[in-house]
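K.L.:
Single-letter residue listing:
Protein chains: 2
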Amino acid sequence: MEPLFNRIALIGIGLIGSSIARDVRKLGLAQEIVISTRSAATLAQAEALKLGDRYTTSAASAADGADLIIVSVPVGASESVAVQIAPALKPGAIITDVGSTKASVIAQMAPHMPQDVHFIPGHPLAGTEKSGPEAGFSGLFKGRWCIFTPLPDTNAEALAKLRQFWEALGSKVDEMDPQHHDKVLAIVSHLPHIIAYNIVGTADDLETVTESEVIKYSASGFRDFTRLAASDPTMWRDVCLHNKDAILEMLARFSEDLASLQRAIRWGEGDKLFELFTRTRTIRRSIVEAGQDVDVPDFGRHALDDKR
Amino acid sequence: MEPLFNRIALIGIGLIGSSIARDVRKLGLAQEIVISTRSAATLAQAEALKLGDRYTTSAASAADGADLIIVSVPVGASESVAVQIAPALKPGAIITDVGSTKASVIAQMAPHMPQDVHFIPGHPLAGTEKSGPEAGFSGLFKGRWCIFTPLPDTNAEALAKLRQFWEALGSKVDEMDPQHHDKVLAIVSHLPHIIAYNIVGTADDLETVTESEVIKYSASGFRDFTRLAASDPTMWRDVCLHNKDAILEMLARFSEDLASLQRAIRWGEGDKLFELFTRTRTIRRSIVEAGQDVDVPDFGRHALDDKR
Numbered sequence: 001m002e003p004l005f006n007r008i009a010l011i012g013i014g015l016i017g018s019s020i021a022r023d024v025r026k027l028g029l030a031q032e033i034v035i036s037t038r039s040a041a042t043l044a045q046a047e048a049l050k051l052g053d054r055y056t057t058s059a060a061s062a063a064d065g066a067d068l069i070i071v072s073v074p075v076g077a078s079e080s081v082a083v084q085i086a087p088a089l090k091p092g093a094i095i096t097d098v099g100s101t102k103a104s105v106i107a108q109m110a111p112h113m114p115q116d117v118h119f120i121p122g123h124p125l126a127g128t129e130k131s132g133p134e135a136g137f138s139g140l141f142k143g144r145w146c147i148f149t150p151l152p153d154t155n156a157e158a159l160a161k162l163r164q165f166w167e168a169l170g171s172k173v174d175e176m177d178p179q180h181h182d183k184v185l186a187i188v189s190h191l192p193h194i195i196a197y198n199i200v201g202t203a204d205d206l207e208t209v210t211e212s213e214v215i216k217y218s219a220s221g222f223r224d225f226t227r228l229a230a231s232d233p234t235m236w237r238d239v240c241l242h243n244k245d246a247i248l249e250m251l252a253r254f255s256e257d258l259a260s261l262q263r264a265i266r267w268g269e270g271d272k273l274f275e276l277f278t279r280t281r282t283i284r285r286s287i288v289e290a291g292q293d294v295d296v297p298d299f300g301r302h303a304l305d306d307k308r
Numbered sequence: 001m002e003p004l005f006n007r008i009a010l011i012g013i014g015l016i017g018s019s020i021a022r023d024v025r026k027l028g029l030a031q032e033i034v035i036s037t038r039s040a041a042t043l044a045q046a047e048a049l050k051l052g053d054r055y056t057t058s059a060a061s062a063a064d065g066a067d068l069i070i071v072s073v074p075v076g077a078s079e080s081v082a083v084q085i086a087p088a089l090k091p092g093a094i095i096t097d098v099g100s101t102k103a104s105v106i107a108q109m110a111p112h113m114p115q116d117v118h119f120i121p122g123h124p125l126a127g128t129e130k131s132g133p134e135a136g137f138s139g140l141f142k143g144r145w146c147i148f149t150p151l152p153d154t155n156a157e158a159l160a161k162l163r164q165f166w167e168a169l170g171s172k173v174d175e176m177d178p179q180h181h182d183k184v185l186a187i188v189s190h191l192p193h194i195i196a197y198n199i200v201g202t203a204d205d206l207e208t209v210t211e212s213e214v215i216k217y218s219a220s221g222f223r224d225f226t227r228l229a230a231s232d233p234t235m236w237r238d239v240c241l242h243n244k245d246a247i248l249e250m251l252a253r254f255s256e257d258l259a260s261l262q263r264a265i266r267w268g269e270g271d272k273l274f275e276l277f278t279r280t281r282t283i284r285r286s287i288v289e290a291g292q293d294v295d296v297p298d299f300g301r302h303a304l305d306d307k308r
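The listed protein sequences derive, respectively, from chains A and B.
When we follow the UniProt record's numbering, the leftmost residue of the first sequence carries the number 1, and every step to the right adds one.
When we follow the UniProt record's numbering, the leftmost residue of the second sequence carries the number 1, and every step to the right adds one.
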């Protein structure tokens with residue numbers, strides 16, 4: 001593929017950043033990949049994995065002269081990165097991010113961006129429960145959505161170019177306003193993670209059932225939650241702190257519904273339970289039909305289970 | 001393998017019953033398999049799948065003369081099955097079940113059992129979100145736990161024989177008292193299913209985010225819950241109604257913890273969030289190390305995802 005950019009700077013080289021690096025290299029999307037991360041140890045890992053052409057712990061020197069800068073850090077670090085890179089940005093550069101919350105990232109970064117660059121907030125809906133440079137892989141974004149939440153005055157050409165970049169990685173691109181993005185993600189991603197963290201915490205705290213029993217018998221349902229609850233703690237702490245309002249709104253709805261379900265169990269309202277349990281089955285079917293999950297029982301785990 | 005039993009009767013031929021039938025046939029564990037289910041349509045499906053040697057809608061005539069009777073029905077139907085089969089049971093027969101709640105099944109069935117048979121309540125911790133005879137498969141129980149909750153006066157020889165049966169199917173057998181079983185299952189299985197049903201219901205009810213958005217972006221976390229929430233509604237209604245006390249206890253603990261987590265989010269207590277999110281990650285690791293889940297990111301779905 002013709003390189004889309006001369007120089008791409010990746011600020012942050014965890015699961016997402018390192019997956020981008022692998023795809024950019026594989027697809028030849030840039031002449032040069034510059035990698036920056038605060039931690040010298042992580043940078044050394046990235047270098048050992050040969051993820052880029054140049055490596056630096058300075059975000060500013062990575063951003064200096066880059067045509068596309070992709071910020072892939074926990075959302076709480078967005079402002080600090082913006083402050084560091086702003087003076088080094090070259091006119092016409094495209095700056096994007098991959099953060100899971102968008103209103104907060106815009107509030108943190110936009111005020112620091114020079115007039116002559118294109119800041120386009122973005123969010124690839126992709127990832128796994130693993131983290132760090134070695135957890136990334138080429139193809140992570142294939143078939144996944146990437147949501148842009150462009151500011152009102154965004155340059156159309158820059159937007160088209162960034163879209164072309166994500167489409168080259170195999171993503172489907174959507175646009176949304178940042179507030180709506182944050183509400184959508186609160187229900188499809190943030191609430192599920194918080195609930196998963198919570199139930200795993202509850203199980204860990206019980207006195208009547210031991211932790212080893214929970215682990216031993218986890219295949220009967222519990223283990224499904226542990227995957228999300230194994231996600232990167234720093235990333236998820238920041239998501240909770242930076243999408244607070246939407247998350248609290250969804251949590252309130254969830255708790256209200258749970259109280260009602262609890263009451264139905266207490267009073268033996270079988271019909272009400274049956275109605276809910278039937279309705280939710282339909283949604284699973286729609287997700288599989290929409291190609292958003294695999295159409296095999298147990299996420300296809302049985303084949304792998306057999307190898308134990 | 002030498003047949004362990006002359007005649008095995010399977011009462012109920014859904015996911016579990018039909019998986020047992022396939023294994024019994026494949027492993028040659030019985031001379032004859034008799035299949036019974038209330039619904040003529042389901043029975044016809046079982047026959048079309050050639051799951052047994054004889055088929056009947058009468059539980060009594062299936063049980064008549066059988067050496068091992070396995071009851072695989074929603075737990076709420078246990079008493080009705082016990083009443084039907086009791087008069088037909090042959091002396092020395094072993095009667096077991098596969099129900100997800102044990103105290104209730106014992107209360108429903110034990111009083112109807114004749115003195116000269118061996119009633120051994122059991123629970124294989126295996127299954128998928130699919131249901132019905134066509135959803136079963138040979139190997140479902142391989143490497144999975146099967147928990148017996150024997151009554152105090154259980155015949156040791158009958159117990160050993162039933163253990164031999166489940167071990168032949170590849171299961172590991174544990175024994176537990178029924179009350180403890182119900183508490184353990186409430187946390188490792190019942191609560192996860194209820195929470196999954198609830199969150200999928202909440203998402204379905206929102207006004208600010210459409211159902212099609214929830215489906216479209218579900219891969220960012222939500223889809224993990226939809227698998228459990230697609231489980232058989234009748235089975236799960238009955239579980240909720242028949243393990244009420246343990247479930248309400250676990251729900252109370254979960255809600256208490258969630259309220260505390262919600263408060264930490266509201267007040268921006270990042271350290272508290274980080275501590276929980278780190279602790280839960282360790283539990284995932286223990287589950288993978290215990291061989292209770294696959295050691296690949298995203299349940300190994302990425303390989304299948306690519307085929308979309």
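Read the hints as simulated data drawn from the structure, not as lab findings.
One or more hints might be untrue.
Since copy identity is lost for identical chains, a pair holds within one copy or between any two.
[To be verified] Pairs of lysine-lysine residues, derived as DSS-like cross-links and limited to a Cα-Cα distance of at most 25 Å, are as follows:
| hint | residue 1 | residue 2 |
| --- | --- | --- |
| 1 | Lys26 | Lys50 |
| 2 | Lys216 | Lys26 |
| 3 | Lys172 | Lys216 |
| 4 | Lys130 | Lys216 |
| 5 | Lys244 | Lys142 |
| 6 | Lys272 | Lys50 |
K.L.:
Each hint should be assessed against the structure and marked as holding or not.
P.N.:
Hints, verified against the model:
no.	hint	in the structure
1	Lys26 with Lys50	within (12 Å within a copy, 51 Å between copies)
2	Lys216 with Lys26	neither (41 Å within a copy, 28 Å between copies)
3	Lys172 with Lys216	between (40 Å within a copy, 11 Å between copies)
4	Lys130 with Lys216	both (22 Å within a copy, 23 Å between copies)
5	Lys244 with Lys142	neither (30 Å within a copy, 44 Å between copies)
6	Lys272 with Lys50	neither (56 Å within a copy, 36 Å between copies)
Violated hints, listed in ascending order, are 2, 5, 6; each of the other numbered hints is respected by the structure.
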